[in-house]
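> If you want the building blocks of each chain, they are given just below.
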Amino acid sequence: MLATASQRILGQSFQNIRPAVSVLRSYSSAAKQITVRDALNSALDEEMSADPKVFLMGEEVGEYQGAYKITKGLLEKYGPERVLDTPITEAGFTGIGVGAAYYGLKPVVEFMTFNFSMQAIDHIINSAAKSNYMSAGQISVPIVFRGPNGAAAGVGAQHSQCYASWYASCPGLKVLSPYNSEDARGLLKAAIRDPDPVVFLENELLYGESFSVSDEVLDSSFCLPIGKAKIEREGKDVTITAFSKMVGYALKAAEMLEKDGIYAEVINLRSIRPLDRSTINASVRKTNRLITVEEGFPQHGVGAEICASVVEESFAYLDAPVERIAGADVPMPYAANLERLAVPQIEDIVRAAKRACYRSVPLAATA
Amino acid sequence: MATAFSAPKFAAQPFTTISPTSQHKPLKIPTAASPFLGSTRKLLRLSSSSQLNLRRRSSGSVFAVSDVVKEKKPTPIPSLLITKEEGLELYEDMVLGRSFEDMCAQMYYRGKMFGFVHLYNGQEAVSTGFIKLLKQQDSVVSTYRDHVHALSKGVPARAVMSELFGKTTGCCRGQGGSMHMFSSEHNLIGGFAFIGEGIPVATGAAFTSKYKREVLKEADCDHVTLAFFGDGTCNNGQFFECLNMAALWKLPIVFVVENNLWAIGMSHLRATSDPQIYKKGPAFGMPGVHVDGMDVLKVREVAKEAIARARRGEGPTLVECETYRFRGHSLADPDELRDPTEKAHYAARDPITALKKYLIENNLSGEAELKAIDKKIDELLEDAVEFADESPLPPRSQLLENVFADPKGFGIGPDGRYRCEDPKFTQGTAHV
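Protein chains in written order, with the UniProt record's numbering: chain G, 1 to 367; chain D, 1 to 432.
For reference, chain G alone in the conformation it holds in the complex (with noise of 0.2 Å):
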């Protein structure tokens, strides 16, 4: 048990380590390897005992340890008057957290999936997007609603839809999507310290994979502004834009296209809204093709907005039209070979960049 707990300690320590302390360096000569689960649990520990107004509310974060494990260790550490324990009453619970956001707490509601989202979305937007702009300023909601978004892996079309554009057309709202853990890190710590409703939308299958962050990333101050997307990779050629798991997926198939001679570059846009679109448009004036690439439905989509700003304000730039790549305009299947072809696969972002760039592709996956 002591062992254990030591270890506990050892390993949240490990992050407020500065990096002027050698021990780190002796770990390691490149930069540290965290998961994403690691990288959101300690920006929430971090924030957490940074400003005690913050709390955790939701389903199962308490002694569950979170039901993706998201906040290990928290009520030991903070109690359970700051990690709460709901029952299952999203509406309920979300309109409290907003209430008590009203009065200056901040709280960090956590959904189990963003679909449970839909029970409590009246205060979402409702009473939270709405509330400083119809009361002129008088009282702001500096809350932050988190929890898994998009596609599983065979979790069937209740548990799998893409939260992304609802939110993100709803003004008074601020959607944040991370990719990576430098991402989830930086962007729920940007959300928790930031005085208006945050939705945060992370994606539950890279809460297990792991990416290399540099120290400063470790630091108990990084934070990342809100509103800014980055250029993961470089290109001359076409331009992917993508959020959360699919810039996995448009790194991947940038690898592939550059043994075509395609350079891409991908843009990891981690806002959604606010969205950066004054580096979107950028890029494309510089490669004149654009693709983008998103989990959800298509129509009303984030791709949909994006075409929309790329015409809006870039199109004599435009060389090929735009391309939407987006999940199957179908509720999720059950079937494992089906949920395949119902989410965006690397070949489709591969085939599209082609196409973009006039070389002849067959236009749908080959079984």
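Calculated directly from the structure, the hints in this document are not laboratory data. All of these numbers come straight from a predicted model, not from anything done at the bench. Just to be clear, a hint being listed does not mean it is correct.
Said to hold, decoys possible - Per label pair, the in silico range of CB-to-CB distance:
hint	chain 1	residue 1	chain 2	residue 2	range
1	G	208	D	312	44 to 52 Å
2	D	362	G	49	58 to 66 Å
3	D	383	G	308	47 to 55 Å
Even glycine gets a Cβ: it sits at the ideal position worked out from N, Cα and C.
Please arrange chain D on chain G, whose structure you already have, making use of the hints.
Okay, now just chain D, sitting in the frame of chain G:
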């Protein structure tokens, strides 16, 4: 999801009956002549038969409803319930509420006010009875029928009237409107159009009060929250979710049901399996109290105990105030479904007339003094209307303001810098 508008057409139905509930003694089926849930005494008779049931179901520490009601039953009063000052304060507040709402109706029909306007005539006793017992730091959460809650909480009549006119001097600078009154100074946190939406928010405010005391160690924080909502809301899921969590976490909140028997055109009896709302309290582990909402003194007595309970940290209370709205659901509601006899019955129990009678009979005040208060309120309202009329409309630049507390949320402007760093930011960066 119910929203605040009235359906233009509905089949007119006579105000009658439903079949009695299965296990309990059949509810006395109300006809037009007899009062529905008319008095606490009738309820006692009804609930005493099912008292055994309640006791068996509920835990030892929960009051069966009839207990609490019994203690509050007004016995022949040896001493008066209020002092003269309190009496006049209550009278003035209720007259302010009534006259304000009447003025709203006038202004609406003159075209100065628009959209959805829901008036509170007839229910003043609930607002005055509860809110006048609060401190400034206590919070009130209301629904779309929130003008009088705002006034009772202390928001100036001028600010409320301007807000209704959509002027920039309104309490929300014209951006909220009739249904969205907010005032952080007076701790009025809405104003919600969706029914049931305010209840979790109120529960959150109560949660904050407890959190501040226990986690942030602000030892003297004993702020109480009042959540006002109607009978229709008591069938909504969020209501039950919050009753559960408020009792579970012992939050300092009072759930005040303004049961005016009608949800637009839907009678409470037609919509609810068990119309006695106060009984839902003990099911969640909190006391449920029924009170005559047309009598401000009775409401005040119950409110005192409920608010004190919350302040002491003993948890929530559910108070059902049987009241009535004299006007339709909103100014767009033709109000055809309600029986005129029912309306007349409740008009005879007008809370303002009742309080006036009480004050005069008990020699707390005289006709002249009360008439002077009436006149004062009339002048106040004329001044409010004039102020609102003369106030300017919001400027164009106000359209984009206050979407975010942190304008960096607007993101990055065309020049690559954050929009909030642009000196012309508040003049409106989009082409409106």
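> All hints are to be evaluated individually against the structure, with a verdict given for each.
Going down the list of hints, with the structure as the test:
1. Checked against the hint of 44 to 52 Å, the C-beta distance between residue 208 of chain G and residue 312 of chain D comes to roughly 49 Å, which is consistent with it.
2. In this structure the hint that residue 362 of chain D and residue 49 of chain G lie 58 to 66 Å apart at CB holds, the actual value being about 60 Å.
3. Range check, residue 383 of chain D to residue 308 of chain G: about 50 Å between beta-carbon atoms, so the 47 to 55 Å window is met.
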